[in-house]
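Protein chains: 2
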Amino acid sequence: MKIICTKSQLLSGVNTVSKAVSAKTTMDILQCILVEAQADRIKLTANDTELGIETYIEGDVVQSGQIALEAKIFSEIIKKLPDSEVIIKTEENGSTSIDCEQMHCSIMGKKGDDFTHLPEIERDNRIVLSQFDFKEIIRQTIFSISTNENNKLMTGELLQINENRLTITSLDGHRISVRNIELSDSYPACEVIIPGKTLSEISKILPGEAEDTVNLYITDKHVLFEFDQTRVVSRLLEGKFYNINQMLSTDYETKIVVNKMDMLRCLDRSTLFVRESDKKPIIMRIGQDSMDLMISSQIGSMKDTLNLKKEGKDLVIGFNPRFLVDALRVVDEEEVSIYMINSIAPCIIRDEKHSYLYLILPINVNNSGY
Amino acid sequence: MKIICTKSQLLSGVNTVSKAVSAKTTMDILQCILVEAQADRIKLTANDTELGIETYIEGDVVQSGQIALEAKIFSEIIKKLPDSEVIIKTEENGSTSIDCEQMHCSIMGKKGDDFTHLPEIERDNRIVLSQFDFKEIIRQTIFSISTNENNKLMTGELLQINENRLTITSLDGHRISVRNIELSDSYPACEVIIPGKTLSEISKILPGEAEDTVNLYITDKHVLFEFDQTRVVSRLLEGKFYNINQMLSTDYETKIVVNKMDMLRCLDRSTLFVRESDKKPIIMRIGQDSMDLMISSQIGSMKDTLNLKKEGKDLVIGFNPRFLVDALRVVDEEEVSIYMINSIAPCIIRDEKHSYLYLILPINVNNSGY
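Chains as they are written, first to last, in our numbering: chain A, 48 to 417; chain B, 48 to 417.
Honestly, I wouldn't trust all of these hints.
Since the list gives no way to pick one copy over another, a pair counts as held whenever it fits inside one copy or between any two copies.
Stated by the list, open to error - Calculated cross-link-like contacts (lysine-lysine; reagent style DSBU-like; alpha-carbon spacing at most 30 Å):
(1) Lys127 with Lys356
(2) Lys157 with Lys357
(3) Lys66 with Lys268
(4) Lys307 with Lys54
Keep in mind the hints are simulated off the structure, nothing from the lab.
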């Protein structure tokens, strides 16, 4: 194989596929990037068998062929090359030379015959999304997946299509995050659970321009994302996702409207008083026009007061302040509405249009003397 | 005690003294910042008994007194306060309230009677330095101190005054870094060894403006740095520093002049082929108008060619590329001169004016077949 391309093309391609290189594996081949040159196309692929990414880069194919290169050293070398033309050439034994200006280096590659290529995905049903929207809803929900592999389904996010509405849901047993977006077209209903890692990596490599789109193809076992010169294939998580509908009641006894930044700053400050070993709640004492926020732990105590608009009953309720911070951080509105029923039922932060909903379970503070 | 000051004054003071808070200690009091309010002065102090820093901040003293507050939580709280006026007030039992706008919080402090104050340093002999120069020469030499506590003296830097010349020297057994600056006045000769940690912390808190100065006072056991509203006192390292003069020969058999950035980029790239377990040298094969740089390890191999001007003999010599990178990174000149004698004697990178000198021991490559 012999190819010629620019450093910038190569670097961008390597950065894209690197997201699917296996971090911890005993199989050497999973730590490699496969470089394939055929006709006039140069393709880079990485695949950890859960998540696979391939991308095409521009360049000249002088001699077709393929080579699997250890991703870490290959990408480090490319990163440090001069911003110039790069020639990659392989020998029969796998030895691969990289030439750029007067620099010549050589690393050992593998023929890559045992490389796991991306599975072929049927392209019958295409769903078209805005890159920007998709990247945003991942950011706005990914924080509430579970990292506990024992609840496998909770490590993923539910993606549902219903006509022209796409809903993405994540939950970790303490809270639920839901985002809805409108699609330009209507599609047959479907629902799949996508691993959190897939979504988090894809949101890093999606350029995310509002006018650009990403195509989604869903099969029984896989989802394929296609955008620009890149294809990302991920296994789906198998199983039935949690039914959350009964929790998302629109009834409420207390509704408050607060300035988001004021509340966020106050909550953020209160997290200083929370230690891993001593998860003290922030207690919100909601009155007519204001609420007191209080936290008290071994470290010390804090009290702050925020102005608000209230409908319904006064209420005293406690939360893990970090959960409120996570949700408020990804809400773009200047003012947020929070709906509550009583001190042991979850609160719901949502807008009128139902574009977002964040549900957080309270911490029982009935016996705290507030 | 009751004081009123702005958040920004308080934060700047806390950030300054925090550098002397002990990171690992079993003595609680060493992890505290002492706040003292007397007459119209508010003083913050931290002291890990090797290094101590005190600084004055502006503010009103409503009631004089003192309190020792756990540095970590105190500084985290201050950081997250609104940018407004802060009131700090202590109770008889050490309970300390911090009020800012509507936020009220409370942490437990200590009376601080067992706090170790900074030692009194005689201010007889003042040495005046430019803040900028001092900060620069620390940056330009600190990388070659040793981190091995078994060679205690090597963990510090030698500071020498000779008339109007200040010299700072660091070494780690593999290399030596020397920087010289001219002072505006002449002073009696003196030489002390200052702990590397002191210099590294001081370079972080020195604003470093060219027109501002820092005053140095040296005693048998201590050095005091005084600038703006801040005093830094450090213990000195006791002992006789290594005599390096016999190593700093000005004789040479080969002198090369190279473009610094070209050489730096090439060396930086070559470090990719060095692994902790396999410290392969970069081999420089110096010819008439150019040199080849080569490295070869388990990871792969690299070869590059740089143009240069040469005086004297051709030479093949090998180095740890990271040591060359460290030295070249802190040289400001566009071209550097490197002086060598043979393949087993150290190379010296220095300028004509002797403002800097970097000596690096070679790695023997006689039997490598180059």
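Here's how the hints hold up against the structure:
no.	hint	result
1	Lys127 with Lys356	between (56 Å within a copy, 25 Å between copies)
2	Lys157 with Lys357	neither (66 Å within a copy, 42 Å between copies)
3	Lys66 with Lys268	within (21 Å within a copy, 54 Å between copies)
4	Lys307 with Lys54	between (44 Å within a copy, 23 Å between copies)
Of the numbered hints listed earlier, the single one contradicted by the structure is hint 2.
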